[in-house]
Every structure is written in structure tokens, then in C-alpha cells.
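Engineer: Here are the chains, one letter per residue:
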Amino acid sequence: MSKVNMAVDLGGIPMKNPVNTASGTFGFGKQFENMMDVSALGAVTGKGCSAQPWPGNPQPRMHEVTSGMLNSVGLMNPGVRGMVEKYGDYLEALSGKTSVICQVAGHSVQEYVDALALYDELTPWAAGFELNISCPNVSKGGAAMGSTPEGASEVVRECRQVTNRPLVVKLAPTRVPEIASAVQEAGADAISLINTIPAMAIDVDTRRSYLSRPTAGLSGPAIHPIAVRMAWEACNAVTIPVCGIGGIMTGRDAAEFILVGCTAVSVGMASMVEPAASIRVLRELEQWAQSQGVSDISELRGAFLC
Amino acid sequence: MSKVNMAVDLGGIPMKNPVNTASGTFGFGKQFENMMDVSALGAVTGKGCSAQPWPGNPQPRMHEVTSGMLNSVGLMNPGVRGMVEKYGDYLEALSGKTSVICQVAGHSVQEYVDALALYDELTPWAAGFELNISCPNVSKGGAAMGSTPEGASEVVRECRQVTNRPLVVKLAPTRVPEIASAVQEAGADAISLINTIPAMAIDVDTRRSYLSRPTAGLSGPAIHPIAVRMAWEACNAVTIPVCGIGGIMTGRDAAEFILVGCTAVSVGMASMVEPAASIRVLRELEQWAQSQGVSDISELRGAFLC
Amino acid sequence: MSAPSNARVLPVTILGSEPLAPGFMRTSLACPDLACQIQPGQFFNISVPGDARELLRIPMSYVGADPSQGTVEIAFRIVGNGTRRLAGLPTGTRTDLIGPLGHGWRYPEGMRRALIVGGGSGVAPVMALAGRLARMDVEFHVVQGARTSREVIYENEIRALGAARFEVTTDDGSRGTKGFPTAVVGGLVASECYDQVYACGPQPMMRGIAELCRKAGVPCMVSLETGMGCGFGACATCAIDTVNGKRGVCVDGPVFDAEEVIW
Amino acid sequence: MSAPSNARVLPVTILGSEPLAPGFMRTSLACPDLACQIQPGQFFNISVPGDARELLRIPMSYVGADPSQGTVEIAFRIVGNGTRRLAGLPTGTRTDLIGPLGHGWRYPEGMRRALIVGGGSGVAPVMALAGRLARMDVEFHVVQGARTSREVIYENEIRALGAARFEVTTDDGSRGTKGFPTAVVGGLVASECYDQVYACGPQPMMRGIAELCRKAGVPCMVSLETGMGCGFGACATCAIDTVNGKRGVCVDGPVFDAEEVIW
Ligand SMILES: Cc1cc2nc3c(=O)[nH]c(=O)nc-3n(C[C@H](O)[C@H](O)[C@H](O)COP(=O)(O)OP(=O)(O)OC[C@H]3O[C@@H](n4cnc5c(N)ncnc54)[C@H](O)[C@@H]3O)c2cc1C
Ligand SMILES: Cc1cc2nc3c(=O)[nH]c(=O)nc-3n(C[C@H](O)[C@H](O)[C@H](O)COP(=O)(O)OP(=O)(O)OC[C@H]3O[C@@H](n4cnc5c(N)ncnc54)[C@H](O)[C@@H]3O)c2cc1C
Ligand SMILES: Cc1cc2nc3c(=O)[nH]c(=O)nc-3n(C[C@H](O)[C@H](O)[C@H](O)COP(=O)(O)O)c2cc1C
Ligand SMILES: Cc1cc2nc3c(=O)[nH]c(=O)nc-3n(C[C@H](O)[C@H](O)[C@H](O)COP(=O)(O)O)c2cc1C
Ligand code: FES
Ligand code: FES
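Chains as they are written, first to last, in the numbering used here: chain A, 1 to 306; chain B, 1 to 306; chain C, 1 to 263; chain D, 1 to 263.
It is worth saying that the hints were derived from the structure and are not from the lab.
None of the values given here were measured: they were computed from a predicted structure.
There may be inaccurate statements among the hints.
[To be verified] Output of the computed footprint for chain A on chain D, the stretches with three or more beta carbons under 8 Å from beta carbons of chain A: (1) 6 to 15; (2) 54 to 66; (3) 103 to 111; (4) 241 to 248.
[Claimed, not checked] Anything over 12 Å on all C-beta distances counts as not near chain C; from chain D, calculated: (5) Val138; (6) Leu161; (7) Arg175; (8) Cys193; (9) Glu260; (10) Trp263.
Here a beta-carbon is modelled for each residue, glycine too, at the ideal position from N, C-alpha and C.
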């Protein structure tokens, strides 16, 4: 079978293939160096960082559930500065071989702006930034910042002023079509989704959550069919590129996202249990594209028949 | 261990124990007669029926996914009259031993009202009615009637005029707290949730949906942690009783719903693969209640510690 | 849909499996309660252990049952995860099934000669039928459609049951008539006087045979396949369009009069 | 968190398992690449086949490794689905693990006498340590805490390694001192001159020992346990509070100076 051109453009972020990593499941790339060729990926997205370091939530922070896991890491991060000190050299070198995407975390519009401004200054090697607008918004009563079109577009509008580099906006699994349109309108260059789905797991013997908080985020194969549907909704709602995320374990799972219209995909939990999963997904995705007889992966984008 | 009083009251529907059946997964009860003691359940909820028979969707109507299944039955039903002709005698006899709940399907407010009026007339033996407000709303462009607080409360308000018997309102897995409050306000006696979560599964070889429609409803263990979270949100939003549904396979799964505040639970997909699953869930739930040292299951309702 | 009468959850033990043709398996099951009840055309819904992510059972027809031994034989094509696991279950594996399910083949009164058409894995559900017709002393002809000569299955058994005529078609022409079974069934229904045609196989084959029979004025029964959530009338995932409205393949079928089906 | 240096996905074969005590198993693994690298206190993250719904690996310390045979021995308590499946894997099962992971026990220069405290399944991670101290010619005492006398494990091995003192505590008093290991450790750290105390066991036990050591002015190291999503620094699910901020148990630990941990 002949080679398929796998290169794509995620809203100005050049990707030599569509496979990206889901924030928070891939450390800052370096952790995988011994176990796979990180530079072979289309992009690498690191853990979300804020202007100031965050401690995140107390233990326990994870619990396994049927075909997935719950996490309540709570966006623990060393802060943009701390991250750059520790991983800057590695990521700068990596950026010569693949696109490095830095994720921005915040609890308020100002925090997003501050973190992004720091990134813009300290990470000249970043190909673009991802705004994680699904973290708890302390300044607005604990609801997720990205859970309303108004909240989401406010963050994006303000962040848009801060950098000229591409902005990917990562959506929560809620009210997807409305919020996707709102963030495109506000200046996003691309959208990624889904973040984890809020969920619960209770130890019925002790009557307590298995985690340190009542709710936590569900990821893994359990959420895949829901994630594909939401990605389809997003692709139908916007004209900017979309990166599909949720329960990708195989190239076929990734292919579903491409078929509903996604430009790229991110591998999440799979990398935690099989470190080189993203590379396998990439290989399988390429094989599928070949089997479909196309010369460019973009011919399959949105090629879902319905 | 001493006996636990398992009887509960679901908004005026007396249940000798908290275990109900999820509409559409239990036929009209009769199908299970050879395989379990249907009358031992706390309640039996049948497939949703509309005033006129509905054909539902074409084949294929189901596809198995990781730890769950997608269905697009499309609310096929024989109509209230057809159902009563075929199952009325059986259900009337059953109603002497357990509460029979009849589910109402509709595509518009008028259709709900018409179906409920027919039920009210033809099913004097029904202990109450469940309004499935997640069917596509033909008069409002195909979106689910129950996907906005306004749409949901309109249906409930109108239906409230039609019958004096208890009305359970079954919510879609979207905007739960808002819609739960809205339907309580509009006169619901109880809430049940969740219905299936919209999802997709694509055959990447043919690029087509595995089902006859692009999206379908996800049920099974995959959705359980999400369903528990949504039930918790509903219980926190309303004062009327809540029936928890979603991925219940064991008594422990059911117990999670009780702990977050549910009065009852419904077993869905589990009954399809293990016909007597609901009876096993009941037995395990009772054992759990005993192990918790209570004399009445209601002592465990909302006993989640957080 | 009418409720099944005698379906139960029954324990079953795998007695052994062997390949029947490439990608085709025959498996023997110990299930006395099923063996003494199941009728040709009925099926059961078996739980196949080995992948806890897959909850649904697999619907299976049977090839033959031996009530005295309490055994049932099935034959199936490996098409997906479930059938792959089923094929690999070691002898002695215990699981369970729900059965017997559905309504089987019907036998018109005074039937003297019948045509049986089986295509691909659709041969399995007609084997038990052939055995029944043999015991009823009905003369029967068999047309088997296969993709290629190596996939012609149960030939010896069909001959041993006394098929008065045995025709083979292969998609690739490597044996018998090249083409689908419809290629020979047209001629047969025109020239032989069948009281009944029975068909099971891929949907297009059954549709084609139904059409040929309609034209020739010969009654035809088909055994249909759909995805099944439960197999016993609880979920409505198996419903198809018929001239009598939607009907459930699991409880109203899987055998239908071809005239009833809206193809 | 610092990146692991030599962690890899390594193939592993189960060589055999046997019960060590009720609910406790010892299992021997063939994994030459691990056997020649892993250091006392390090761990690995093993994939346990048998339930496809459960994706996460199980973190495991080791009891001993034989680089020449390429084998590693583990000991574990059956506490949930994963450990139950692990205990049941038949000899010859092939799977994989990620390892070696984390930082192991450290040995202060000039150490002459150490106290090792193991509680419950925490005995496993200190066995390899005892072996190392023996080879380093460091005198060591061992306190083992168990729920009951039948759960005292590896007694012969500990004596054979040359423990200069071996004390047992049981929760129910069925052997040794009744109570938790803290009941005897207080006296020991006061009367014996330890250069280092090493502890692994339930969190409250380690906290208690850390407190006793702090009071006695004896350095103490503990091996901590948390749920782990990845085991190699990718997910931050294992982070705990320390005086140096959040640190990852998988890559910064599992061994920490007790003084660093905020209990
Ligand atoms: C009443 C009845 C009786 C039956 N009797 C028999 C019998 O006697 N013998 C027999 O062989 N079969 C029989 N079948 C069919 C049998 O039940 C199916 O073959 C079986 O359920 C398939 O299960 P599976 O898990 O192996 O495949 P599934 O994974 O469920 O796949 C089902 C179909 O989807 C397709 N598919 C699966 N995975 C993929 C993928 N990744 N990409 C693209 N396509 C895919 C497959 O081609 C397959 O046809 C019967 C069915 C019914 C309803
Ligand atoms: C670095 C490290 C090294 C380790 N080394 C060892 C070792 O050498 N030996 C050893 O024995 N262990 C060791 N452990 C612990 C071991 O990893 C865990 O015991 C194991 O992961 C548990 O997996 P599981 O699937 O059996 O239990 P899980 O199902 O994951 O359960 C985890 C915990 O939750 C509780 N639990 C589970 N299910 C339920 C339920 N239904 N209701 C209530 N509570 C429940 C259990 O009591 C258990 O403690 C180590 C852990 C770490 C982090
Ligand atoms: C342990 C863990 C930590 C995560 N941290 C982040 C994060 O910092 N920022 C973010 O946007 N998403 C985070 N996520 C969500 C993932 O990026 C991804 O959206 C989600 O896990 C769904 O993909 P998956 O099913 O492939 O894991 C995290 C997920 C996990 C499991
Ligand atoms: C085949 C099938 C048919 C269903 N039909 C209906 C229905 O008619 N009305 C309804 O409210 N819910 C229907 N549901 C949803 C279930 O009642 C239940 O809410 C959902 O399946 C989640 O529960 P589970 O995970 O235990 O299956 C159906 C579900 C399935 C699987
Ligand atoms: S499979 Fe026929 S009704 Fe469920
Ligand atoms: S388990 Fe420590 S970072 Fe993943």
C-alpha cells in the first residue's frame, strides 16, 4: 500500500500526523522518553499549568471503575515558571521535532490571562497553547468556567489579546455545540474535547467517596462513544479544526474521531497503562487510512456517511 | 442479621422494596415470568407507549460497545390501546402484588397529554405514570423535549392536569439540577434518571454508523459513575423522591444511588443479559442494608458522607 | 410480541470444538434441558465468557440435538469478538444460555416435497430442519451456497439424511454452479413441485429466494437475523418491518413467512 | 517529579504461586531485565490479565530477585479484584510490567545497625532491604506486625538472613506482643543505637513509627503507598503532601525520609 500523507494543521499548529497527547496523562513528555519515541508524535500537550503553582487535591486522587478511571488530581502543577525550569530545555529540544502545546489552567479570567502571558514570554518554543476551560471556577461559585457559552467566550476573548500564537480551547463535556460556537466567535483557533466527565464512585461499606472529593472526572474506553458524539456535534458547530479526545485505545477509535470531522486526536488514559500507546494508535491510524485507499488523511476527515 | 424494612414510597407509588425496572429493558414484565418472580420487585415499569402506535427506527437498532450498548429502538410501541389489549390482563393481575408504572412517550406536549389521558382511562390498575421527556420533540425541531427547563416544565404542567395519580418524570442526562427543579415546580411527584446518554459508534471500514441513525443511546456499566453523579445532583436539587438508573449490575451499584439520596433504583440493561438480575440486585441490596446495621432502608437514603 | 413459553436460563458445558471449514467452527454443548426441548429453527442466547467488557449474549441456532445424550451441536462462522471467544472456549468451560427461544420452522399439512436453501452460516439453522423432514418422511432437496468449495459444510451429513437432491453454488465457481443460491433455485422452483421452500442465509439471498418463490407461487419461509439485545422479547432491538407491522425477530421469528417480510 | 531513568515495559512470565498465609500469596516471576536491575524499595507496575474492564496496572514491590535465574519474587495480600486475579494466574501466564520504578531505600554512610519494621503486606518491601543489609554487613533488627499469628510471614527467611533480633507483634495478641509494631518500636529505638529505621506498612503504623523516631532522634525512612494511575510520573494521581510541597510517590518515592512527609 502506498504512503498516506498524515500531516495536518490544527489551527496554525503544524502536526506531522494527527496524534497528540491528552493533557495530564503524558506528564511533560520527558517521562516517556525511555519507553517510546516521543518526537514521532504529531504534537505533545503537557499538563495544564497556572501562573502560580497549585497543590491540587488531597489523596486519594484516583479510583478505577469499569472500563475507565476517575481522577481528582485537581490540576496540580508546578506553575508555568516551575515547569519551564524543570522541563523547558527538554521541551525546547523536542520542539525542533514535533509541536509542543502548553496547556493553560486557571480559576478566573485573570488567572488564565496571567498564566498565558507567562507562557508567551517563557516558552518561545511552544507551537501553541491549549486553554483548559473546564476547571472549577472559584471566582464564580465553583461552576466550571467553560460550562456556559458566556463564561467560555469571556476567557477566550481575554486570552486572545495575550498571544498571537494559536489557541486551542478544551471543552468540558457539556452544552458542546453552543460553547463550541461561542469560543470560535471569541477567537479560538481550534477546539479540543472532551475533558473528563464528572462522575462518582462510592465505597458503600464506608459510605464515602473512593476519592477525596465527592465527584471526579471519568476517562477511558467507557466514555469513548459519548466523546465521539460530542466531537461530531463540535465539528458540526464550528469551522475551526477540532481535536478529538476520549477513550482512544486503538487506531480504529481514533479513526472514528477523524470520520466525524476531527483534524487531530489525543490519546489519554491509554498512555498511562501502555506508555507507547500513542505510537501504536498512530501506526494503526495510518494503516486504516491506507486501507481506505486515500493519499491524504484529510480525505477521511468528516467522511462519516449518514 | 435482622430483617431490614425495605419498603419505600416513590412520590405516592408504594414500593415494597426499592427495586424497579428501567423502561424499555423489561418488556411489559410478562416476558420475564418464566425466569423470575416478577411480583417480588418493588415496582415494574414497562416500555413507553404513546397514544398512537409507533414503529420506531429501522434496523440496526443496537450495537455493543465497551461495557455497554447503544440502542436506537426509537420508542417503538404498540400504542397505549395496543399495550392494554395485549398486556392489560397480565398487568392488572400483577398490580395486586407490586406497583405497575406505565410510561408515557410523546413527541409534543399534546401527544404526552393524549397518551396520559388514554392511560388514565384504560389502566386503572397503574400505581402511577412515568413521563419519558427525552423523546425527540417533533414540534420543536427534533431536540429532546426534556433538554431545557422550559420544555420539561411545560410537558409536566400539562400532564399534571390530566391525572391525579403519581407522576414520575424521567430526565435526560443533561442540565440535571435545573431541569429537576423545573419539573418539581411543575408538579412532578418524583424524578427518575438517567435515560441513555447520546453516543456514537462508527464502523470505520464502511464509514457508517453501526446503527441506522448517527447517534444512539448508551447504557450499561460504562455510564454508571456518571449516572450516580447526576442522581446526586438531582437529589440535591429537589425535595421529591428520586429513582436512580444507570448501569446497575449489583446491589453495591444500587446502594450508591441510595446513598446519594435516591428512594428507589431501576435495573436496565442487566435484565436483558441476566433476566433475574433485578431480583439478585434486590437480594444484594438487602444484604448490604443488613450489613450497615439499619432497620429501615430509608436510614441509608442520602447517607453518603462527604 | 408474544412471551416465550419455555425459555429458561440453563447451565451449559462446552464439550469440544473443531474447525468445520476455514473460519467456521462446530461446537458441541452439554445442555440436557435444551437438547430435549429445542425445535428446528429455534435458537438460544449464549453467554460467552472471556471478555468482561462484552455483556451481551450471542444468538445461536443449532445443527442437531441428542436428547438422550443431552447434547446440542452448533456451527458458526467467526465474525467478531464474541464468536472468536466462543471458538476458543476450552472443553469443560461452564457458562449459561437462555433458551429455547423463538418460533421454529413450520410444516404445512400434507407436505411431500420441500426445498431447503442454506447460505454461509445459514446452513446451521437448516440442518436441524433437514433432520426433522427426514424423520417426517418428507422428500427434501438441498441447495447450499458457499463462498468457495472449502466452505461447503455438512455435505456428508446432508447426504446421510437422505437429501434427494444436493446442489452447491459457490461465489467463486470453485465448486458447483458459480454464483449465489438464487442462480439454481429459480430453475428448481419452476421445475420441481415443492410444497414449501425453507431458506436461511444472508439477507440478500433470502430476499432473492423469496422473490423467486413468490413468482413461482411456492410458499417460502425464511429465518432472519438481527442484532439482539435480549432474545426473549424484552428490549425491541430486534424488530423488523413486516406487512403486519413491526415484529420481533426473537419472539415472533426468527422464522417468518417470506411474504410477511418487508425486505 | 524527576523522570525515571531505566523504566521499560518488560515481558514477564508467571512461574508459580503459593499461599504464604491466609489471604497472602507469594508469586515467582520470570523477568530477567527486572531481576538484574531492581533495587530494594523500588517497585514495578504489572498488568494483570483476566478482566478486560480493568485497565490499570498493579504496583508491586519485590521480596527478592535472582539476577542469575532472571527471577523476582513478590508477596502480596489479596485485597481486591486485581490482586485476586494476580493470585490466580496459572503458571506460564505471560504478561508485562513497567519497571523498575521509583527510588529505593537509601543507606546512610557508616550505618552499622538498623531497625526494619514491616506491617502486614508492608513486610514484602522490606525483605529485599533485609537481604541488602545482610550483604552490606549491617546489623539489623526486624519487627514484624501481623493481625494474627498465622499471618506472620517470611520468619525463616528473616532469621536466615541473620536478623540479630526478631520481634513480632499481633493485633490479637496470638503471638509476640499484643498491639501494633509501635508497641515495641518505642522501646527499641530508645534502648538500641540504630543509625537508621526503615518502615513499611499501614499509614498509621508508619506515622506512629516516624513520630517515635523523631522523638528519639533516629533517622527514619518509610515506603508509602497511594493509588497509582501510571507509576512513572505521567499523571500526578500519586502525589502527597511533603514539607517540600507535593511529591509523587511513584517517582520521588515510594521511599521518603519520614521527616519529609506531612502525615
Ligand atoms: C436467531 C439467530 C440465530 C443465529 N444462528 C447462528 C448460527 O447458527 N451460526 C452462526 O454462525 N451465526 C448465527 N447467528 C449470527 C451470530 O449470532 C452472530 O454472528 C454473532 O452474534 C456475532 O457476534 P460477534 O461478537 O462474533 O460479532 P460482533 O462483534 O457482534 O459483530 C457482528 C457483525 O458486525 C461485524 N463487525 C464486528 N466487528 C467489526 C469491526 N470491528 N469492523 C467492522 N465490522 C465488524 C461483523 O462482520 C459481524 O457480522 C445467529 C443470529 C441470530 C439472530
Ligand atoms: C509502590 C507500591 C508497592 C506495593 N507493593 C506491594 C506489595 O509488595 N505487596 C502487596 O501486597 N501490596 C503492595 N502494594 C499495594 C498493592 O498495589 C494494592 O494492594 C493493589 O493495587 C490492590 O489492587 P486490587 O485491584 O486488588 O484492589 P483494588 O480493587 O484496587 O482495591 C484497592 C483498595 O480498595 C479497597 N477496596 C477494593 N474494592 C473494594 C470494595 N468493593 N469495597 C470496599 N473497599 C474496596 C481494598 O481494600 C483495597 O485496599 C503496593 C503499592 C504501591 C503503591
Ligand atoms: C490523571 C488525569 C489527569 C488529567 N489532567 C488534565 C489536565 O491537567 N488538563 C486537562 O485539560 N485534562 C486533563 N485530563 C483529561 C484528559 O486530558 C482527557 O481529556 C480525558 O482523560 C479523556 O481522554 P481519555 O479517555 O483518553 O483519558 C486528565 C485526565 C487524567 C486521567
Ligand atoms: C433497548 C433499550 C430500550 C430502552 N427504551 C426506553 C424507553 O422506552 N423509555 C425510557 O425512558 N428509557 C428507555 N431506555 C433507557 C433505560 O430505561 C435506562 O434509562 C438506561 O438504559 C440506563 O440504565 P441501564 O444502564 O441500567 O441500562 C431503554 C434502554 C435500552 C437499553
Ligand atoms: S432481542 Fe428481541 S426483543 Fe430483545
Ligand atoms: S502514578 Fe505517580 S504520576 Fe502517575
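Engineer: Each of the hints needs a verdict: does it hold here or not?
Structural biologist: How the hints compare with the structure:
no.: 1; hint: 6 to 15; verdict: holds (count 4)
no.: 2; hint: 54 to 66; verdict: holds (count 4)
no.: 3; hint: 103 to 111; verdict: violated (count 0)
no.: 4; hint: 241 to 248; verdict: holds (count 3)
no.: 5; hint: Val138; verdict: 47 Å, holds
no.: 6; hint: Leu161; verdict: 42 Å, holds
no.: 7; hint: Arg175; verdict: 40 Å, holds
no.: 8; hint: Cys193; verdict: 55 Å, holds
no.: 9; hint: Glu260; verdict: 41 Å, holds
no.: 10; hint: Trp263; verdict: 38 Å, holds
The structure fails to meet hint 3 from the earlier list, while all remaining hints are met.
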